[in-house]
Structure formats: structure tokens, C-alpha cells
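S.K.: Using the sequences and the hints, build the whole thing.
Here's the letter readout for the chains.
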Amino acid sequence: MTHSARFPNLTGRLAPWLILAALGTCSFVLSCRLSFALVAPGAHAQADITVADQMLGAARVAFGTHFLEAADIYYHAGGTGRLNDSDWPDTWFRTLSRQIVPREYRHIETDSIAEMAPMLWVAMRADPHNIETYLIAAYWFATSAGLNQPELAHEVLREGRRRNPLNYRIRLEQALLFLREGRLADARQALDSALALWPSQEDPDSDQARQGKIYALTYRALLHESDNQVAEAIALWKQLAALQPDQTDIEKRLALLKSGAPPPVQASSVWQRMLRRSDLIRAECNHDHHHDHHHHNP
Amino acid sequence: MTKVLCITRIVWLDMLRRKDVYVLLILLGALLTALVSLNIFGLGGLVVYVKDVGLLATWGFGWILAVHIACRCLPQEEQRGTIYALLAKPVTRLQLVVGKWLGAWSVTCAATLAFYALLTAMVVFQGGTAALDGAVLIQGVLLHGAVLAILCALGLLFSTRMHQDAAATLTYVLSFAAFIILPRMPGLMARASGWHGTLVSIVYHLLPHFEIFDMRKRMVHDWGAVNGATFLTVLLYGAVYTALLLAIAWLAFRKKRFSRENLA
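Chains as they are written, first to last, in this note's numbering: chain W, 1 to 298; chain P, 1 to 264.
Quick caveat, the hints were computed from the structure, so don't treat them as lab data. Treat the hints loosely; a few may be bogus.
Stated by the list, open to error - A partial selection of chain P residues facing chain W, derived with a Cβ cut-off under 8 Å:
1. I40
2. L43
3. Y49
4. D133
5. P183
6. P186
7. M189
8. A190
9. S193
10. E211
11. I212
12. R218
13. W223
14. T230
15. L232
16. V234
Claimed, not checked - The following residues of chain P were derived to be distant from chain W, with all beta-carbon distances above 10 Å:
17. C6
18. R9
19. I10
20. K256
Each residue gets a CB set at the ideal place from its N, CA and C atoms; glycine is no exception.
M.R.: The structure is reproduced here in C-alpha cells:
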């Protein structure tokens, strides 16, 4: 007995659905492929573009962003209130909904920070070229009292570097982590690498790129000072003075270094203070001030 | 009441004969096992994401089951021709509609309870003490039951005048829109004016508001129980809405004429 005799209508019934499914898959892949160039124009310059990247493209970027936002929602214990609905008419249903679904912002306990990890984990896999995800994950793993897993933070940044070898922000974050741990040789190497890679795919005139360069130059200048490499430190402080002409502290430090006098505050104390301030700024929740959607990142 | 319960029993027997609930239960079990077995960054004891994804799956499976069962009850009787035997008995059409709805709702609720039991077991297994809070869980399950009641009534209403597939599609589309689009409609109401604004307002108040039954965020992030008055108000809304849909279903069904051409 032949196959078609045993299953008389199977081929005939399934064929249109199979064709439809194949066409649907093709159109989905093509639309993702075409829109990828618009959503993430620099992504193709990255070293390793996987088959999944090529096929799913923009959908992966959207998934990555979604799960990064989900991590933020977890950090706020589910608080999802948005003020863009404040001018909407207040109906009976909205009043009830506000009582049922929590909208207030409440930060989770430090020992629950790990609960954000699954969302960050999925976000990294969904969009491996979103640098924010690695930076946020590494920051929380390294600094959260409840987690205190600097080795995990290193692992996340190594993974980020492997997927985005030309990005300076990951190297800068690694340098900050090394500085926190007192691994100065590694910090020097990471900062040199960050400065060599700057601005990666960013617009060099953007605030983020400028801030990144200022951070990298400042930490590197301070490390040169601590190594008694005055000429190199002066060269970097000059670059910083050019980037921030309104900062009188830079000019003062430059003058002191040129005169050969010891600076009033040791370089190591300055970077320790900078690291603490940076942690405070990053942990600060913009919801408290602006009631706006915001990720916990510099 | 006995007649209604007899019809309910028929729905239960039919459901037990089919394997829909078992399949969904196995699917949920597989999903939760996969979630629990994930070793995320080597951090153990993570429960929030298991609760979150598990509750989403529980709501999704409950929704599929409610629409599927409710939309099948009446058209199936008609297709098989058993509707004639059923109506020949001393059973009113109101009793038939209520019995079918009660059967669909109770089966769906029982299956959903099994989903919740499985999820709670998995969360306890994963997190030990950090399980689902008892009071919030009870409130959440009861409000979920109210949503299923509305969904079953809606499916049954459409199936009184449509084929099973058409009724299911319409119920899926309407309930999905009610869940996703309806909470955002006040934004449209704020911008719309004149007759357009009135139309949007009517649609907004007419469609079922499932978002007020959704306690998943409270359960996932341990926000505690809702106050009693709010909880009872939402339950009452669910009960009134279900009763209204059943009344319309009865009105649509009571004068319906059956044709032998529809027999399978």
C-alpha cells in the first residue's frame, strides 16, 4: 500500500498550510533583515554577527530592549506607572485598576537584586550588541551588597567584550571594576584600550561619548600621576582641559603638576572618591526625581 | 437546578474524554521545569521570574481553555444532532444555556486551579519560603475565576448564533482587544471630541475590563492583598457582566431554529 493511499488527503490538506507557513517565515525574516540596518546601523561592523542576528535582526533588538525594561520593572518591584497617562480622563475602571495593579515605585531589597538577573540574562542573549545590558548587569553584580559578585561582573563584561570587541564602554567599565579591586595594572591596560577604541560606533560629539572620554582620560591621568609619570599625566590633563574649558580644578591640578609640587589630594584618593560618586549617581533612581522611565546607568 | 447540573455534568464528561486539559497541564509543567532548571549566571533560588512567566502561562492557558470549551458546547450539540434529543427533554433553553456555561466555567476553573497548584509547587520547590503569599493568591485566583466566567459567557453568547470556529475567533479577538487596547482607550477619549468621543466612550464602558481582575503583579512582587471593598467591587462587576452576557445569550438562543442541514 502506497503512502498516499494510507493518507489520502493529508498531502492535499497540509500543502496550502505549509506553503503559507513558509511564505510567512520568509516575509518575517526579510522584514527583520531589512529593518535591521535601520534600527542598528552599526551592528554589522561588529566582529561576530550570528545567523540569528542576520535572520531576526530588529526583532532581537526589540526583544533585548523589552527585557532590559523588564529588569527595570523588577528593580521597581513591578511599579509601572507612567506619567504620560496623567492627562487621561479618570474613569471608574482606571480608579479600580490603580488599586489592583501597583503603580508606585518601590525599590527591591538589596538581597533581592539577583531577581533582576534572569531578565538581564535574556536581554543579553536577545540582543548581544546592546552595551547597556552588560554595563547594568556588571554594575549590579559588582556593587550590590546583596550579591557582591565581582567575578560574575567580570564574566559579564568579558562576554560583552567578546560580542563587541570594538566597544570602548565595556573596556571602560572593566577599568572601573579593576580600580575598585586595586588591580592597577589591569586598569591601566583597560583604560588605554578604551581610549584607543573611543568613540566606537558613537557620535564623538554626543554627550555620552564625551562623558566616556572624560572618564577614561581622568582615570588614566590619575594612574599616570600615581606612577610618577608626570609628563604623560600633564598631556592627558591638557586634553581634559580642552574638553572642559570651564573646569578650574583641572587647570589648578595642571599648574601644580607643571610646578612639580605634590598635589593636595593623592591620585588614588581622587579616583576612589570618583568611583564612590559614580556609584551613587548610578544607583540614584530618576523615578524619584522625574517620575520618568529610566535605567540605572550613568 | 438538577437539570442545570445534569447539563454541567455532560460538559465535564465530554471534557474528560478529550485531552485538552492534560495537554495544557503537561505544557505548563514542561515550561516551569525548563525555567527552574535554567542556571542563570550560577545564581540559585531565583523565584520572581518563575512566578512571572508561570502566571502569564496560567492566564494564557486559562484563556485558551475557556474560549475553546465555551465556544464548542452548543455548536457541537447542533452538529451531532444531539440538540434535538436534549430539547425534547423537559429542559428549557435558559437551563441549557446556564448549564453549558456552568460546565464550561467549572471545567476551566478546575483546570486553572490545577495550573496554580503546579505553579505554587514549582515556586516552593525553587524558592522554599519565598512562595506565593496565601491571601494574595486566593484573591488572585478568585478574580481570575471571574475573568474566566466572563470569557465563558462571551464564548457561549457568540456560539448561540455562530459556528464554533467563528465564535472562538471572535471571542479571542474581542477578549485580546479588551485586555490590551481597552486600558489605553482613555488616551483616545482625551483626544477625541464630538460624536467620535461619545462612540469611543461607549465602546470603553461597554467592553469587559479584564485589567481590573489582573493581580499578577501583586502576586509576583509581593505587594500584599487588595482591600476588601475593592476586591468585592471587582467581583461584583464580574458577576453582573457575566449575568448580562448570559441573558443576551439566552435571548439569542431561545427562538433559534435548528436545521438538519447543519448536521455533521
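S.K.: So, for every hint listed, does it hold in this structure?
M.R.: For each hint, the structure was consulted:
1. I40: holds, 5 Å
2. L43: holds, 5 Å
3. Y49: Constraint on Y49(P) satisfied, holds at 4 Å.
4. D133: Violated: closest Cβ of chain W sits about 13 Å from D133(P), beyond 8 Å.
5. P183: holds, 7 Å
6. P186: P186(P) check passes; min Cβ-Cβ to chain W is 4 Å, inside 8 Å.
7. M189: Hint holds; M189(P) Cβ to chain W Cβ min 6 Å, cut 8 Å.
8. A190: Cβ of A190(P) sits 5 Å from chain W, so the hint holds.
9. S193: Since the shortest Cβ distance to chain W is 12 Å, the answer is violated.
10. E211: Holds, about 5 Å.
11. I212: For I212(P), the interface hint holds, since the closest Cβ of chain W sits about 5 Å away, which is under 8 Å.
12. R218: Holds. Min distance 6 Å.
13. W223: Holds. Min distance 5 Å.
14. T230: Constraint on T230(P) satisfied, holds at 5 Å.
15. L232: violated, 11 Å
16. V234: The hint holds - V234(P) has a Cβ within 8 Å of chain W, the shortest such distance being about 6 Å.
17. C6: Non-interface label on C6(P) holds, nearest chain W Cβ at 37 Å vs cutoff 10 Å.
18. R9: Non-interface label on R9(P) holds, nearest chain W Cβ at 35 Å vs cutoff 10 Å.
19. I10: The claim holds: I10(P) sits with its nearest Cβ about 31 Å from chain W, beyond 10 Å.
20. K256: holds, 32 Å
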